[in-house]
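Student: Spelled out from the first residue to the last, the chains are:
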Amino acid sequence: MSVKYIPVQWNVNKWFYDAIMLAGVVLFLWIFLYVAPDVLGHEQPINPQIYNARAFGICAFLMLTIILCIGPLARLDTRFLPLLYNRRHFGVMTAFVALTHAGYILNWYFAFTGQDKILGLLGANTSYGQIAGFPFEAFGIVALIALLILAATSHDFWLKFLTPPVWKRLHYLIYLAYFAVVAHVALGILQEQQNHALTAFFMACAGVVLALHVAVAIQDRKGEAACDGAWIEVGMADGMEEGRARIVTLPSGDRVAVFLHEGQLSAIGNACAHQNGPLGEGRIVDCLVTCPWHGFQYDVRSGASPAPFTEKVPTYRLRLVGPMIEVHPDPNPPGTYVEPIALPHFGRPPDKSVEEAPA
Amino acid sequence: MTVPEFLVGLMRIWGAIGAIVAVPFLIWGIDRIDEDARGAYVFRLLLIPGILLIWPIVLWRWWQIEAQDAPWLARYQPAMVHGPLVAVMSAAIILVFALGLAVRQDWPADIAPIQLSETQ
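One line per chain: the protein sequences are R and L, in this order. First residue of the first sequence? That's 744 in this note's numbering, and the numbers climb one at a time after it. First residue of the second sequence? That's 12 in this note's numbering, and the numbers climb one at a time after it.
The following block holds chain R by itself, in its conformation from the complex (with noise of 0.2 Å):
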């Protein structure tokens, strides 16, 4: 960011989006706890205190399950973007769910064995050799101090200090807890299930998000570019969208955005300097590149932010040849100004930088 920090960017839109997710929690809570528990195969009698360690587990897993269905949604359709803008905040209250979770199983099994409930939890179960009867417990713990690290390090501040790239791979942290968190449900709580309603909701959930993802993967798979030399082939000047762009990857994958805009071609880097979002996939408007993640904007031509914002991408080189729209893989500085190239069929002159096709 190139204002000053605070401890929360709340606006009109973030504070609805929070209430919505509020009322979400509320309202799950609500049903597990009050509405269908004879549906949730509680068979042997259970206290409040288990019953609400439960419900709020649950409502974690469902939580991370949807935070981990946002960013493939958001890739397929760009109606679900609205989702992904406020998606840190999701993350943040999943956190303390997860956190009043862990705070009602220390707080009843193992507040009464007279030593510390932590070195309780460690040392209830240790037969770490065996699946059944696997300490799940720790499954648990690993997915715990995942959120919290995720949690912890959400404010802006630490995606501009650690940088995109580097803030990224530490959120991968969430894949290792959804894995874990599976883990805990299917060698706990599914350990005892007689009634396969919870079973087959926990397996649905991790389906959904399995199939969101190989659906992506799929769809990025098709955005693979070709090479012809040391420049690459975006794709043919008559596909091209006005105000929109073309993704390619590049063979060092890294990935580059070209749009149409006024009849000239620009190409900039894909990921924005905010958090690395997808400004392919977003639209021009005044001439700007707008992040459909968050709103940050560029100048297509130069990859830099209007005044008073100072974030930069590197921009790309294109050149013609025929109808065929080639990038040259070397990015430039971040925003380095590349006059844009004129496609001839929008009724302008060629531009002088258009390169015939080679004989």
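Hints listed in this document are in silico derivations from the structure and should not be mistaken for laboratory results. For every residue, glycine included, the Cβ atom is placed at its ideal position computed from N, Cα and C. Take the hints with a grain of salt, since some may be wrong.
So, partial list: chain R residues that the calculated Cβ filter (under 8 Å) puts toward chain L [said to hold, decoys possible]:
| no. | residue |
| --- | --- |
| 1 | LEU842 |
| 2 | TYR918 |
| 3 | PHE922 |
| 4 | LEU941 |
| 5 | PHE944 |
| 6 | MET946 |
| 7 | ARG1044 |
Chain R is fixed; fit chain L onto it per the hints.
Tutor: Structure of chain L alone, referenced to chain R:
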């Protein structure tokens, strides 16, 4: 010392070092490396849990920024391990579900409980 005692001790030492790192970083270091933090103080309280948890990364980045040792391009190269990570997670989830369901025992609800040993 038991394994649980060792783990709890390790957590305490980790947190204590994090606290030691947090004090100079939040009072002095953050102003040196980030102009947006100058004059902004309340938000620094929110950074404390993060520093306690990932203080080695904080020290590494603090040193890297002070030494101006990071290439500009690195900031714009998204991590490309997302696909393999998702594949590993997917395989692990399928495996752990299969294992969990395979070892699940049917509980004979209509059998009376049996005392396995005498209470002391």
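Student: Can you list which hints this structure breaks, lowest number first?
Tutor: Violated: hints 1, 4, 5, 7.
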